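**Student:** Take a look at the letters that make up each chain.
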Amino acid sequence: MGVYLPMGPQHPLHPEATLVKLRVEGEHVVDADVDASFVHRGIEKALEHKTYTQGLYLAERICGICNVAHTTCYTTNVESLAGIEAPYRALYLRLAVEELARIHSHLLWLGLFAHTMGFETLFMLAFRDREPVLDLMEEITGGRVTTGYNVIGGVRRDVDPGLVFKIKGVLTQLKERILKYKELFESDPVIQARTRGVGYLSKNEAGELLAVGPVARASAIARDVRIDDPYLTHEEVPFNVIVYDTCDAWGRAMVRLDEILESINMVQYTLDHLPSGEVRVKVPPFFRPPPGEMSSRVEAPRGSLLHYVKSDGSDRPVRYRVRTPTLANLASVVTMLRSRNGKIVHIADVPVIFSSIDPCICCTARVTIFDERGHVLEKPLNELLDMRRGR
Amino acid sequence: MVTSFEAIKNFFRKRATILYPEEKIEPSATFRGMLSFERSLCIGCGLCWRVCPASAIKQDRDDKGARPVFLLDRCIFCHICVEICPKKAIKASRDRGSLVMDKSSLRVK
Ligand code: SF4
Ligand code: SF4
Numbered sequence: 020m021g022v023y024l025p026m027g028p029q030h031p032l033h034p035e036a037t038l039v040k041l042r043v044e045g046e047h048v049v050d051a052d053v054d055a056s057f058v059h060r061g062i063e064k065a066l067e068h069k070t071y072t073q074g075l076y077l078a079e080r081i082c083g084i085c086n087v088a089h090t091t092c093y094t095t096n097v098e099s100l101a102g103i104e105a106p107y108r109a110l111y112l113r114l115a116v117e118e119l120a121r122i123h124s125h126l127l128w129l130g131l132f133a134h135t136m137g138f139e140t141l142f143m144l145a146f147r148d149r150e151p152v153l154d155l156m157e158e159i160t161g162g163r164v165t166t167g168y169n170v171i172g173g174v175r176r177d178v179d180p181g182l183v184f185k186i187k188g189v190l191t192q193l194k195e196r197i198l199k200y201k202e203l204f205e206s207d208p209v210i211q212a213r214t215r216g217v218g219y220l221s222k223n224e225a226g227e228l229l230a231v232g233p234v235a236r237a238s239a240i241a242r243d244v245r246i247d248d249p250y251l252t253h254e255e256v257p258f259n260v261i262v263y264d265t266c267d268a269w270g271r272a273m274v275r276l277d278e279i280l281e282s283i284n285m286v287q288y289t290l291d292h293l294p295s296g297e298v299r300v301k302v303p304p305f306f307r308p309p310p311g312e313m314s315s316r317v318e319a320p321r322g323s324l325l326h327y328v329k330s331d332g333s334d335r336p337v338r339y340r341v342r343t344p345t346l347a348n349l350a351s352v353v354t355m356l357r358s359r360n361g362k363i364v365h366i367a368d369v370p371v372i373f374s375s376i377d378p379c380i381c382c383t384a385r386v387t388i389f390d391e392r393g394h395v396l397e398k399p400l401n402e403l404l405d406m407r408r409g410r
Numbered sequence: 072m073v074t075s076f077e078a079i080k081n082f083f084r085k086r087a088t089i090l091y092p093e094e095k096i097e098p099s100a101t102f103r104g105m106l107s108f109e110r111s112l113c114i115g116c117g118l119c120w121r122v123c124p125a126s127a128i129k130q131d132r133d134d135k136g137a138r139p140v141f142l143l144d145r146c147i148f149c150h151i152c153v154e155i156c157p158k159k160a161i162k163a164s165r166d167r168g169s170l171v172m173d174k175s176s177l178r179v180k
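In the order they appear, the protein sequences are chains W and E.
Using this note's numbering, you'd call the opening residue of the first sequence number 20 and step up by one each time.
Using this note's numbering, you'd call the opening residue of the second sequence number 72 and step up by one each time.
For reference, chain W alone in the conformation it holds in the complex:
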């Protein structure tokens, strides 16, 4: 029933190639599906051909915006596999840079979200405010976006007191701006009309669909890897998990804005309480971890990120697997896009709903294998490999 309406893969409102398949009746969306498989890059496979040291730089390029989350996850993972312990000061610095990355990722999202609402002024303002954060990143790490800061065994470089002073100054200014944006989201009638009650995802649905990150937290589920499974020095740095119970796009925006404020506090606290000591232990470039497997989780700006590694004792992994947060949230966004239980979804709301999960597609694409009748094949990897070899 209804008319099939494709949105994408190339669409002005999608930052990346995504196909949102809608079934519409009049202005109402009755069914939806998302196809995010246009940009498969085969990074997991490529990681099997790189040594652990080289793989870090490829893992960093899985996603440009959350590269710090990916390198944190990769280094934590490989370090625990190989039994390397990063110095204490390095963990603090990793945390500070990770939170700075969260700030700039959320600001980028704020801009894109405003752009999908048609609020171009806010887009410009958000990008202007993101710029000083990127400059700080460049100064701390040596790269504006692709930071290359975390290395196996610690971090690249230390911060000096002058830089700490500068970071604090910039963040204090940014805090004022974020408070302004919060006020804007609370008071502006246009934003309210475009986001309140739009993209509804109830607490039960979010729980069942295993939503992660700000999407879960805006549906009243306090799910955050930094609390549930601390991976750096999160036990020592005080912060709150931001939870809203409005279950809509507005709630997701408020969660992210509040998280920026939390992250600013976290960076300031971390820099105030930096322990002294080394920032890096020397690791040989072609080290061989013992055979085994390991996985680690990190709270990326978009939600929980999982890396898994399997080693056979050589200097390259036999299998590397990455589960990115957007992949976990695609099920939720498909549900949000469907009209159900008296919640009507209009075609005009689709871009706002879709961008409210902060989609990052290039790190999400997966290969699915179909048989000739169009059924998805679910088989263990070794059986699939045997099939490929024609056995």
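Hints were generated in silico from the structure; no laboratory data involved.
Values in this document were obtained by computation on a predicted structure and should not be read as measured data.
A portion of the hints provided could be inaccurate.
[As the list claims (entries may be wrong)] Derived Cβ-Cβ restraints for the label pairs, each shown as a range:
hint: 1; chain 1: W; residue 1: 258; chain 2: E; residue 2: 73; range: 22 to 28 angstroms
hint: 2; chain 1: W; residue 1: 248; chain 2: E; residue 2: 73; range: 37 to 43 angstroms
hint: 3; chain 1: E; residue 1: 73; chain 2: W; residue 2: 252; range: 35 to 41 angstroms
hint: 4; chain 1: W; residue 1: 154; chain 2: E; residue 2: 129; range: 30 to 36 angstroms
hint: 5; chain 1: E; residue 1: 132; chain 2: W; residue 2: 188; range: 28 to 34 angstroms
Glycine included, C-beta positions come from ideal geometry on N, C-alpha and C.
With chain W's structure known, arrange chain E with the ligands on it following the hints.
**Tutor:** Okay, now just chain E with the ligands, sitting in the frame of chain W:
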């Protein structure tokens, strides 16, 4: 309301846009940029071309023996080669510059 105040304030602010290419953004002192290579220091140990994650360093030979050649169009500026070189023959600069008309000028010998 909030945006109207913001708009009025913006009349009196310094402009945020940078008029590229007349104005250039100075990279910060710690920026990881282009590489340069000092042949006289290199001992041809081969560590750099074995670690490079982007295969941007090719092994070559000249009258002094094995040596690297850097293909900076492939370089991702991770600077592991700079860190690993035992003789400090590879020097890092903070020059952004991989914007060239001729790709062969990005070969550093
Ligand atoms: S690591 Fe240094 S010394 Fe060794 S080959 Fe490369 S440039 Fe030469
Ligand atoms: S900076 Fe990195 S990518 Fe570039 S030549 Fe050195 S090791 Fe290779």
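**Student:** Honestly, which of those hints from before does the structure not fit?
**Tutor:** 5
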